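Turn these sequences into a full structure, and let the hints steer you where they fit.
Protein chains in written order, with this note's numbering: chain W, 1 to 652; chain C, 1 to 146; chain L, 1 to 180.
Read the hints as simulated data drawn from the structure, not as lab findings.
Please read these numbers as outputs of a predicted model, since none were measured by experiment.
Cβ coordinates follow ideal geometry from the N, Cα and C atoms, glycine included.
Treat the hints with care, as some may be off.
[To be verified] Below, a list of computed lysine to any residue pairs in the SDA-like style, where the Cα atoms sit at most 25 Å apart:
#: 1; chain 1: L; residue 1: K151; chain 2: L; residue 2: G74
#: 2; chain 1: W; residue 1: K510; chain 2: C; residue 2: Q78
#: 3; chain 1: L; residue 1: K36; chain 2: L; residue 2: K163
#: 4; chain 1: W; residue 1: K382; chain 2: L; residue 2: R126
#: 5; chain 1: L; residue 1: K151; chain 2: C; residue 2: V49
#: 6; chain 1: W; residue 1: K510; chain 2: C; residue 2: F29
#: 7; chain 1: W; residue 1: K422; chain 2: C; residue 2: R128
#: 8; chain 1: L; residue 1: K151; chain 2: C; residue 2: D93
#: 9; chain 1: L; residue 1: K151; chain 2: W; residue 2: N379
#: 10; chain 1: L; residue 1: K3; chain 2: W; residue 2: A330
#: 11; chain 1: W; residue 1: K267; chain 2: C; residue 2: R125
#: 12; chain 1: L; residue 1: K3; chain 2: W; residue 2: P334
#: 13; chain 1: L; residue 1: K3; chain 2: C; residue 2: R128
#: 14; chain 1: W; residue 1: K382; chain 2: C; residue 2: V49
#: 15; chain 1: W; residue 1: K382; chain 2: C; residue 2: N40
#: 16; chain 1: L; residue 1: K36; chain 2: W; residue 2: N379
#: 17; chain 1: L; residue 1: K151; chain 2: C; residue 2: D65
#: 18; chain 1: W; residue 1: K382; chain 2: L; residue 2: P26
#: 19; chain 1: L; residue 1: K173; chain 2: L; residue 2: P32
#: 20; chain 1: L; residue 1: K36; chain 2: C; residue 2: D80
#: 21; chain 1: W; residue 1: K530; chain 2: W; residue 2: D596
#: 22; chain 1: W; residue 1: K422; chain 2: W; residue 2: F353
#: 23; chain 1: W; residue 1: K267; chain 2: W; residue 2: P209
#: 24; chain 1: W; residue 1: K382; chain 2: C; residue 2: D93
#: 25; chain 1: W; residue 1: K510; chain 2: C; residue 2: L34
#: 26; chain 1: W; residue 1: K507; chain 2: C; residue 2: A33
#: 27; chain 1: W; residue 1: K382; chain 2: C; residue 2: L107
[Stated by the list, open to error] Computed footprint of chain L on chain C, listed as stretches where at least three residues anywhere in the stretch have a Cβ under 8 Å from a Cβ of chain L:
#: 28; stretch: 46–52
#: 29; stretch: 62–68
#: 30; stretch: 91–100
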Amino acid sequence: MIVELGLFALIVATLLASAQAWFGIAGPAFGNRRWMAAAKPAVAGQWVFVVISFGALCWAFYHNDFSVLYVAGNSNSALPKFYRITAVWGAHEGSLLLWALALATWSVAVGVFSRNLPESYAARVLGVLGVVSVGFQLFILLTSNPFERLLPAAVDGRDLNPLLQDPALAFHPPMLYTGYVGMAVPFAFAVAALLEGRLDEAWARWVRPWVTIAWMLLTVGIALGSWWAYYELGWGGWWFWDPVENASFMPWLVATALIHSLAVTEKRGLFKSWTLLLAIIAFSLSLLGTFLVRSGVLVSVHAFASDPSRGLFILGFLGVCIGGSLALFAWRGPALRTKGGFSVVSRESFLLFNNLLLLVAAALILIGTLYPLFLDAMNLGKISVGPPYFDTVFMVPMLPLLLLLGVGMHASWKKAKLEDMKRPLVMLFVAALVFGIVVPVVAYGSLHFMTSVGLTAGTWVIVSALYEPVQRLRRRQSLSRGVVGMTLAHIGVGLFAIGVTVTQSYKIEKDVALRPGQSVTMKGYDFTFKSSHEVPGPNYQAIESEIVVSRNGREVATLHPQKRVYRVQRSPMTEAGIEVDWNRDLFVAMGEDLGDGSWSMRVQYKPMVRFIWLGALVMALGGFIAITDRRYRPRREAASEAVAAGGRAPAR
Amino acid sequence: MTRILRTLLLALTLAWAGGALAIDTERAFDDPALQARYDNITRELRCLVCQNETIADSNATLARDLRREVREMIASGQTDDQIRDFMIARYGDFVLYRPRMTRMNFLLWAAPVLLLAFGAFAVVRVVRRRAAEAALEPEGPEGGQS
Amino acid sequence: MWKFIIPFGLFVVLAAFLYVGLQRDPSYIPSPLIGKPAPEFSLPSLQDAAYPVSSADLKGRSWVFNVWGTWCGGCRQEHQVLVAIAKQNVVPLIGLDWKDDSAAAQQWLRELGNPYAAVASDAEGRVAIDWGVYGAPETFLIGPDGTVLYKHIAPMTMEVWAKEFLPRIEAAKSGKGGQT
Numbered sequence: 001m002i003v004e005l006g007l008f009a010l011i012v013a014t015l016l017a018s019a020q021a022w023f024g025i026a027g028p029a030f031g032n033r034r035w036m037a038a039a040k041p042a043v044a045g046q047w048v049f050v051v052i053s054f055g056a057l058c059w060a061f062y063h064n065d066f067s068v069l070y071v072a073g074n075s076n077s078a079l080p081k082f083y084r085i086t087a088v089w090g091a092h093e094g095s096l097l098l099w100a101l102a103l104a105t106w107s108v109a110v111g112v113f114s115r116n117l118p119e120s121y122a123a124r125v126l127g128v129l130g131v132v133s134v135g136f137q138l139f140i141l142l143t144s145n146p147f148e149r150l151l152p153a154a155v156d157g158r159d160l161n162p163l164l165q166d167p168a169l170a171f172h173p174p175m176l177y178t179g180y181v182g183m184a185v186p187f188a189f190a191v192a193a194l195l196e197g198r199l200d201e202a203w204a205r206w207v208r209p210w211v212t213i214a215w216m217l218l219t220v221g222i223a224l225g226s227w228w229a230y231y232e233l234g235w236g237g238w239w240f241w242d243p244v245e246n247a248s249f250m251p252w253l254v255a256t257a258l259i260h261s262l263a264v265t266e267k268r269g270l271f272k273s274w275t276l277l278l279a280i281i282a283f284s285l286s287l288l289g290t291f292l293v294r295s296g297v298l299v300s301v302h303a304f305a306s307d308p309s310r311g312l313f314i315l316g317f318l319g320v321c322i323g324g325s326l327a328l329f330a331w332r333g334p335a336l337r338t339k340g341g342f343s344v345v346s347r348e349s350f351l352l353f354n355n356l357l358l359l360v361a362a363a364l365i366l367i368g369t370l371y372p373l374f375l376d377a378m379n380l381g382k383i384s385v386g387p388p389y390f391d392t393v394f395m396v397p398m399l400p401l402l403l404l405l406g407v408g409m410h411a412s413w414k415k416a417k418l419e420d421m422k423r424p425l426v427m428l429f430v431a432a433l434v435f436g437i438v439v440p441v442v443a444y445g446s447l448h449f450m451t452s453v454g455l456t457a458g459t460w461v462i463v464s465a466l467y468e469p470v471q472r473l474r475r476r477q478s479l480s481r482g483v484v485g486m487t488l489a490h491i492g493v494g495l496f497a498i499g500v501t502v503t504q505s506y507k508i509e510k511d512v513a514l515r516p517g518q519s520v521t522m523k524g525y526d527f528t529f530k531s532s533h534e535v536p537g538p539n540y541q542a543i544e545s546e547i548v549v550s551r552n553g554r555e556v557a558t559l560h561p562q563k564r565v566y567r568v569q570r571s572p573m574t575e576a577g578i579e580v581d582w583n584r585d586l587f588v589a590m591g592e593d594l595g596d597g598s599w600s601m602r603v604q605y606k607p608m609v610r611f612i613w614l615g616a617l618v619m620a621l622g623g624f625i626a627i628t629d630r631r632y633r634p635r636r637e638a639a640s641e642a643v644a645a646g647g648r649a650p651a652r
Numbered sequence: 001m002t003r004i005l006r007t008l009l010l011a012l013t014l015a016w017a018g019g020a021l022a023i024d025t026e027r028a029f030d031d032p033a034l035q036a037r038y039d040n041i042t043r044e045l046r047c048l049v050c051q052n053e054t055i056a057d058s059n060a061t062l063a064r065d066l067r068r069e070v071r072e073m074i075a076s077g078q079t080d081d082q083i084r085d086f087m088i089a090r091y092g093d094f095v096l097y098r099p100r101m102t103r104m105n106f107l108l109w110a111a112p113v114l115l116l117a118f119g120a121f122a123v124v125r126v127v128r129r130r131a132a133e134a135a136l137e138p139e140g141p142e143g144g145q146s
Numbered sequence: 001m002w003k004f005i006i007p008f009g010l011f012v013v014l015a016a017f018l019y020v021g022l023q024r025d026p027s028y029i030p031s032p033l034i035g036k037p038a039p040e041f042s043l044p045s046l047q048d049a050a051y052p053v054s055s056a057d058l059k060g061r062s063w064v065f066n067v068w069g070t071w072c073g074g075c076r077q078e079h080q081v082l083v084a085i086a087k088q089n090v091v092p093l094i095g096l097d098w099k100d101d102s103a104a105a106q107q108w109l110r111e112l113g114n115p116y117a118a119v120a121s122d123a124e125g126r127v128a129i130d131w132g133v134y135g136a137p138e139t140f141l142i143g144p145d146g147t148v149l150y151k152h153i154a155p156m157t158m159e160v161w162a163k164e165f166l167p168r169i170e171a172a173k174s175g176k177g178g179q180t
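Next up, the structure:
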């Protein structure tokens, strides 16, 4: 019954989303104020019913209702309760419902926080969001219904994929989806502006917090995925340039460009049509990612079970959303030309180059991901494009970006007087260079060109970012949250670059066969395999090893890696034993039982690997602090800006 | 003999493991340079069975067999190119994770430079135009970085 | 002005490619051996290890090479089709028992019927690698001059046999006749 209620709620939600779309778009088009006002209650209603629908699916999982096909395919009575709930989004149909929930939540948030927007504009934004919502909900109802019944009911389920039976499943997809889907909001703002035919001065200030929040969540979501892959899959790798990973990274790069472009639009009213285009592209890449993951056109470890009819539906949906918005852009974009100049050396200029480099990076990833498909579609053969390509090619725009970042931060608007900064910047760069050369030699005993380049670039960004805030603090001047946020975010980039450089340059991996009592030495650490014994789990059987790590005779840690076989799917899984410290990870994963008590093991030394995710978290924190800046809080009195904007109260 | 059979059977049962880590149980090369070559090559070859993994990481039987081939070829003195050619002759370009520089893949490898050049050209044009505009504008109280 | 339509144009091109891509199978690997000479091999026969099965013996007429194993579900699925094809007596069917347990394989043939003129036992998998095999069952068609004419991946069906193999066998025969 509850299951049917869930399906019914989804149908009602779709109807309400259609109403939202209609009122939001047709209202302003016909000048009907009652319709325009009806968009908000429609979105609120839609959200309520999507929540009910999602709740019903959770209920079905929690109560092990194996008469539901999706539950039977992804759960099991022995599955611990925690995983029963996270299993809801463990496969295609459920994760789509999570998508719909995320979209509905963003939509209702826009509805609530849009009081300061002109009513026709707010209606259009909700209308566009409604169109996207309808598309998704129809996709679920027509091709991917999670509430489909299985009759007669299965005795027990096929269990959740063991790789997903991990706490990270509770956080990674929800965060990632919320960020990914959140790009729909700036998209809606952009399309609404195009429908309106003009872009208000305050537009950038309205949009910026939305983009930053979505960007922040996407940053954390991607970082969580990377961290999870690292400890769960046993290879010790943290990024594979898998098509699905690329699908989440491309919107991130474009969203980063968008945040920076919005800065120019907000401050000087320039780059309006470019910013609009970026907002459209960011969400388009999100949609494209959804297509790639679920249509079966690419081979990916993340890909959900595919079905050509699903692929066609999403492609059609892409045509409507992306094609429609880009056509609208082609038509209305030219009208948004702005006047305004800036010097060759100016903040605007630097931000233009920032955008260029970020977009080139995103384009390269897109080309690399789709090139095999292009060739295959033209019957020119089958190739693979993998990490060797992406690792090489990604550096080309990224290194200049890091270098320019250190300078551009200090450029002022319209005409940058960098002569004053020349001396401190040169000194900071030299300091970074020295660091980049000395530290590898001292700490790791060897030096490679690219290692120094990476370390120098990362350090350069950090010290350059700290320079002005430190100066201001020394003069007892205050720092706005915007500046603090920006500084932190850039420091995060530097930390990330350092982490990647050091790990890739100095990691050590060894595959060994160890008898109990035998040990292997790596970077001064002795890994001694003491023993192994069986450990039963709730829905798996495991063999656990005890590995003692010592250095110079002193014990550092004891690791307990496991090799598990999950009872239902009978697939073997590795749980690595990891010893964590701020500047290195020690990583042991079990391979196979070689008989006579011996085991094959992969032992790894990963220096500075935690900085990779630390950098991402600091970036996200910077974003968070930046949006708490006073500029974005609702103000009661009209400021002079509002007068300039035509008497409209300043928006949030 | 039984040990070989056992390993074989184990390998066969794990052939469809998918997602499980594969660890090379063969002895490493005594010469670290050869081992480094082996590591590099196996990390650039795609497993044809578990197509999301390299043959270095894949548990599939075919991946083990291919690792054995690579190992034997290195030991017998073949160059990296010869090893890659061996794989391509049997499985096509699909087996290489690093696309070869051929006429077909030219765009792929030239993309970074082409995109940067084209993009930089566009940006420079915009900057020039805006700088000309700025020169015509009256100097006002500008600057600041927020 | 015109530059504003570039994003739309690029999207249309992309969508066209994606549409075509939907009809392809990204994990299907076409064989680079088609049109090239079949890899030579000489392996012990399954039935009697002392008796070799060599590709050299098969020159002069078309033959079908079927890669299988007792561990392979699809092979069991296609087995009766192979038996039926063998009964047609068009060309000899040579089997490659890939990384298999010989006793189990022989038992399998006893139970399910033996469509093969000969079965080569590839315990180490080297010959399979030479033939670019990546997932059993795979079935090759080799012409009289030793050229690989066609490769079918996935269980064999009568439809594939009729549509892809028989016409090529005919063409090879008449081609041969035309040359003399």
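Each hint tested on the structure:
no.	hint	verdict
1	K151/L - G74/L	holds (16 Å)
2	K510/W - Q78/C	holds (24 Å)
3	K36/L - K163/L	holds (22 Å)
4	K382/W - R126/L	holds (24 Å)
5	K151/L - V49/C	holds (17 Å)
6	K510/W - F29/C	holds (12 Å)
7	K422/W - R128/C	holds (23 Å)
8	K151/L - D93/C	holds (17 Å)
9	K151/L - N379/W	holds (17 Å)
10	K3/L - A330/W	holds (8 Å)
11	K267/W - R125/C	holds (22 Å)
12	K3/L - P334/W	holds (9 Å)
13	K3/L - R128/C	holds (18 Å)
14	K382/W - V49/C	holds (15 Å)
15	K382/W - N40/C	holds (22 Å)
16	K36/L - N379/W	holds (19 Å)
17	K151/L - D65/C	holds (22 Å)
18	K382/W - P26/L	holds (8 Å)
19	K173/L - P32/L	holds (23 Å)
20	K36/L - D80/C	holds (24 Å)
21	K530/W - D596/W	holds (14 Å)
22	K422/W - F353/W	holds (20 Å)
23	K267/W - P209/W	holds (15 Å)
24	K382/W - D93/C	holds (6 Å)
25	K510/W - L34/C	holds (14 Å)
26	K507/W - A33/C	holds (17 Å)
27	K382/W - L107/C	holds (15 Å)
28	46–52	holds (count 3)
29	62–68	holds (count 3)
30	91–100	holds (count 3)
Checked against the numbered hints above, the structure violates none of them.
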